[in-house]
Amino acid sequence: MDREERPESAIEEDGTSELFIAIGEQLKVLRIRAGLTQREFGKLVGYTEGQISALERGVRIPQPDFLDRADEILNAGGVLIAAKRAIEKAQAKARVRHPGWFRDYANAEAQAVSLHDYSTQAVPGLLQTEAYARAIFTHRRPLLDETTIEKRVTDRLARQQLFERWPAPTSSFVVEQSALNRPTGGQDVMKGQLRQLLRIGSLRTVELQVMPTECDNHPSQDGSFILLTPKGRPQVAYVEIYGHPRLITDHDEVGVFADRYGIIRAQALTPRESLSLIEKMLGER
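Residue numbering for the sequence shown is 0 to 284, as defined by numbering that gives the first Met the number 0.
Since the hints were derived computationally from the structure, they do not count as laboratory data. Check before you lean on any hint, since a few could be wrong.
Claimed, not checked - List time: in silico BS3-like cross-link candidates among lysine-lysine, alpha-carbon distance up to 25 Å: (1) K42 <-> K27; (2) K88 <-> K230; (3) K27 <-> K83; (4) K88 <-> K42; (5) K279 <-> K190; (6) K230 <-> K42; (7) K230 <-> K279.
Just so we're clear, the structure is a prediction, and the values are computed from it rather than from any experiment.
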């Protein structure tokens, strides 16, 4: 039996997935009617081809500003704009439907004014592409059934709406180079993931750094962790080991993680150096 303590998708739990699937189907019909490919449409609205695909399949929640632009570009006559209120209600349900053991962190992340993530084994969930996330869940042991995999992927993508709100939280990510060298999901999936890192790492509100493998004075061999500051509340830390989460609120203990993260950032490549390294890995430099 799979006893891993991870939340199922809030979207699936309250039945709102059908709403996003229906909106995605409408979006696809309108796009095809306009004679646009997913890539062409994505360029017009400032989204990647993968993001448009996720929206049309209902695994990514459409944001209000996207619906405004899409309605105009696709000449939808207000059909997409009219869906904004229903989407806002569905998102409100999703924020409170996480299981109790995960709810504190989920709420803190949704309200974060700053978020700092150090990842060792894989690209952080908030930065993963759909294909990369699906590869992670598909190959984990014990094996998950297809329905559970889809729920996990949907949940992970939904959390990425964090970057699309304004003001967006100030975010930084330090990823071990070894995680980028591992071709999770195959070469094509990993290339897509590296391009995603270049895109997100170029955002004004995000700083992305790579910890080089040859660093011989590593300050954190204990594993990954996240530091976040919810609006109007003190900073907290979050760690997860083999699917068992822990939200840390004790001031002194959080301070230990904050000090450690500062040293990690100082020893990692600078954001510019990190993006250059990723470009080299893609063969673009």
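Hints and how they fare:
1. K42 <-> K27: The given pair, whose Cα atoms are some 15 Å apart, holds under the 25 Å limit.
2. K88 <-> K230: 21 Å, holds
3. K27 <-> K83: 17 Å, holds
4. K88 <-> K42: Distance of about 28 Å is beyond 25 Å: violated.
5. K279 <-> K190: At roughly 11 Å apart (the allowed maximum being 25 Å), K190 and K279 satisfy the hint.
6. K230 <-> K42: Given that 25 Å is the threshold and the Cα spacing comes to 33 Å, the pair is violated.
7. K230 <-> K279: 38 Å, violated
The structure shown violates the earlier hints numbered 4, 6, 7.
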